[in-house]
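Since chain A is already given, all that's left is putting chain B on it; use the hints.
Protein chains in written order, with the numbering used here: chain A, 11 to 460; chain B, 11 to 460.
If you're looking for bench data, these hints aren't it; they were derived computationally from the structure.
Listed below are the simulated DSBU-like cross-link pairs for lysine-lysine, each with C-alpha atoms no more than 30 Å apart in a straight line:
hint: 1; chain 1: A; residue 1: Lys402; chain 2: B; residue 2: Lys40
hint: 2; chain 1: B; residue 1: Lys251; chain 2: A; residue 2: Lys399
hint: 3; chain 1: B; residue 1: Lys243; chain 2: B; residue 2: Lys185
There are 2 protein chains.
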Amino acid sequence: CYEVPGTRDYSPKQMAIRERVFNAIITCFKRHGAEVIDTPVFELKETLTGKYGEDSKLIYDLKDQGGELLSLRYDLTVPFARYLAMNKITNIKRYHIAKVYRRDNPAMTRGRYREFYQCDFDIAGQFDPMIPDAECLKIVHEILSDLQLGDFLIKVNDRRILDGMFAVCGVPDSKFRTICSSVDKLDKMPWEEVRSEMVGEKGLSPEAADHIGEYVQLHGGLDLIEQLLQDPKLSQNKLAKEGLGDMKLLFEYLTLFGITGKISFDLSLARGLDYYTGVIFEAVLLQPENDHVEEPVSVGSVAGGGRYDGLVGMFDPKGRKVPCVGVSIGIERIFSILEQRVEASEEKIRTTETQVLVASAQKKLLEERLKLISELWNAGIKAEVLYKKNPKLLNQLQYCEDTGIPLVAIVGEQELKDGVVKLRVVATREEVNVRRESLVEEIRMRTSRP
Amino acid sequence: CYEVPGTRDYSPKQMAIRERVFNAIITCFKRHGAEVIDTPVFELKETLTGKYGEDSKLIYDLKDQGGELLSLRYDLTVPFARYLAMNKITNIKRYHIAKVYRRDNPAMTRGRYREFYQCDFDIAGQFDPMIPDAECLKIVHEILSDLQLGDFLIKVNDRRILDGMFAVCGVPDSKFRTICSSVDKLDKMPWEEVRSEMVGEKGLSPEAADHIGEYVQLHGGLDLIEQLLQDPKLSQNKLAKEGLGDMKLLFEYLTLFGITGKISFDLSLARGLDYYTGVIFEAVLLQPENDHVEEPVSVGSVAGGGRYDGLVGMFDPKGRKVPCVGVSIGIERIFSILEQRVEASEEKIRTTETQVLVASAQKKLLEERLKLISELWNAGIKAEVLYKKNPKLLNQLQYCEDTGIPLVAIVGEQELKDGVVKLRVVATREEVNVRRESLVEEIRMRTSRP
Chain A
11 CYEVPGTRDY SPKQMAIRER VFNAIITCFK RHGAEVIDTP VFELKETLTG
61 KYGEDSKLIY DLKDQGGELL SLRYDLTVPF ARYLAMNKIT NIKRYHIAKV
111 YRRDNPAMTR GRYREFYQCD FDIAGQFDPM IPDAECLKIV HEILSDLQLG
161 DFLIKVNDRR ILDGMFAVCG VPDSKFRTIC SSVDKLDKMP WEEVRSEMVG
211 EKGLSPEAAD HIGEYVQLHG GLDLIEQLLQ DPKLSQNKLA KEGLGDMKLL
261 FEYLTLFGIT GKISFDLSLA RGLDYYTGVI FEAVLLQPEN DHVEEPVSVG
311 SVAGGGRYDG LVGMFDPKGR KVPCVGVSIG IERIFSILEQ RVEASEEKIR
361 TTETQVLVAS AQKKLLEERL KLISELWNAG IKAEVLYKKN PKLLNQLQYC
411 EDTGIPLVAI VGEQELKDGV VKLRVVATRE EVNVRRESLV EEIRMRTSRP
Chain B
11 CYEVPGTRDY SPKQMAIRER VFNAIITCFK RHGAEVIDTP VFELKETLTG
61 KYGEDSKLIY DLKDQGGELL SLRYDLTVPF ARYLAMNKIT NIKRYHIAKV
111 YRRDNPAMTR GRYREFYQCD FDIAGQFDPM IPDAECLKIV HEILSDLQLG
161 DFLIKVNDRR ILDGMFAVCG VPDSKFRTIC SSVDKLDKMP WEEVRSEMVG
211 EKGLSPEAAD HIGEYVQLHG GLDLIEQLLQ DPKLSQNKLA KEGLGDMKLL
261 FEYLTLFGIT GKISFDLSLA RGLDYYTGVI FEAVLLQPEN DHVEEPVSVG
311 SVAGGGRYDG LVGMFDPKGR KVPCVGVSIG IERIFSILEQ RVEASEEKIR
361 TTETQVLVAS AQKKLLEERL KLISELWNAG IKAEVLYKKN PKLLNQLQYC
411 EDTGIPLVAI VGEQELKDGV VKLRVVATRE EVNVRRESLV EEIRMRTSRP
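Looking at chain A on its own, in the form it has when it is part of the complex (with noise of 0.2 Å):
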């Protein structure tokens, strides 16, 4: 077998459903008005380096054939904050589609792949705080919404009000990235084993563990925020302070864009990635929308994003800052739910668009069909015509059939001495004869859209 793991081909079929998706997304990037960009697929080696944390042994590198050392891109946030540094840019917004390369266990029945798309959105730039943060969860939730995929909820938390929890429940500065890592399996193991990871393998204490396990159950909207603020604690904490100050600020614009009914401040949302020093959020779907669908799809996480003010500054010379917060949509998961549905409900996807066959009813007339469709390829009308001498009528109508083309053009030698072609509508069967010099207006005219 000559199929590489963790990877898989789109059929014509299932990239008819993928542009849906890309159409939906791009169509709402562009509604908040951002610019497009696109880097190599590699990047120098040095460059992924000390980013991404624990996830680092995940990065593909390229085989040392002379030349510098590349490797795979693990993401497009890294190459964008490289792309920013490079050229100088302190301002921007701008989106990014493109693959992505994980070194991960495939697990192709959840949706999760070695090579994926991200479909990022990003602002960067010095702003007034917290505007552009609450932009990128009204993307998610207009791009969520769009697409019904049923219910969903966006998660949020902040960086700096996880470290500051850690601070006031005794982590030491050292062990922050890691309990935090811990923190981040919650969404896929209970609290009892998150527990004994953090006890027994990173040497936490128990009362520290325990203590952050009251914090990280609690989850709600602007009045765990209040709660949280007059926290004994955390209030005398100054980045958990800012951090909830900020938060505070964040759900006031979201109250105001009328998305909080979907959004759940959490504080067990870790987010794995270094990079992240600011707000982080995670877009989970509630339920699969599987009432036609036999095998349930698994749902989680299909957007994710946050706030890395200093990721910038690690590609500058000067270390000069460029503050940034943006949110990658994962396009698997969503596609596989759309995918599984598209089977269910039997609908037909056209994988073409072609307009006519230009088809003959007799022999030999293979010449004539090919100066009619050159006419029409000319005149901007998308066509086909089956490549066989003498095709039998029969098999090219059932090719219209079988692909879904509305209409074809049928020359005969009645037709061609009258100056006229013979149009027939496949669906109907109706047939008429249309003068030739009105061939291109006439399907036009029938195929295009009410």
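Frame of chain A; chain B shown alone:
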């Protein structure tokens, strides 16, 4: 520096130009009824082995980090053949636009990169001779005409004619491939150098080389085909005769398509890849369109392709063949030409589609701006807002000038009281008060394309 040699980032402006090129190409591929597929960026190393002849040394391998040995794709043709065999597809017309990778010496000024796009259209299936082949040439003709790149020429030859020619010139069977590689260099080297490579490095007899030298200077149209069909030696060679017969048929179809004016049957065209079995072709730009450009753009091959009837069978366990013919458009040179043309013309290219900026004339109106923009986004209007609590009106208007946003929706205290929004046309400075409930309709009307 963090740049990977031989690659480049695309800025928003470059992306806008790239999108134009892609649109022209995709529109053409769809006009010819093609479906679209996608495959992973890497393949098993063995999938690529033995497909590219002397160019195999340019393949990028991934590091062995456990698991399978992988290589980055070198073109889109081999992955396509692998896809057909794996899925037992015997009949498809598809396009595929994606990046491919070659460890070449980057000569970026000449538009050559180690990572570059190919835009491939291929027809697979058992069909009557030369009909799909002719369509591939029609497609190249349409795309190069649409893009208005100046004059171009499509050179055509056939591997069977080359092999027949080698045979009648006295080249031993075992040297066919390597002598073919030498002939392939004729577009970059004079005949004398190619001849000395054949005789000196590759051990061909001087007589055989001189004999080849006579053939490879020939180029023409139907007349040349007829002449060679009468050639006392070639006409006795089975392969050459087959190739010349098909070439004649091809030119008949190209005459029906009305495109022979830009097609040249050229015996010096070889193309290096191992997998071609029949017709081969290559399109070259004849002169750069650089009337307005100071630095002349170097020109060269912008499209190539041919027939490869044996490739799919190499991936099928039982060796079942699927005849294929296809064309690959290389956009990097095309893109360089168009980019220089845009630079020279001082054409202003918008990199966003934003219809309106939501602005305020006074301070303390951030909340009102966010409420209004949320209404616009929800109605599908492309809108932006400056991420400042109290931006100056002048700065907001300047932002529109800089980015080409045509309208400004201004909220002020008076407007809020009156239930209106002040809509300003950036180009004319005209201002009208629009009732809030009519704003969406008014923006749509004023920004719809004529």
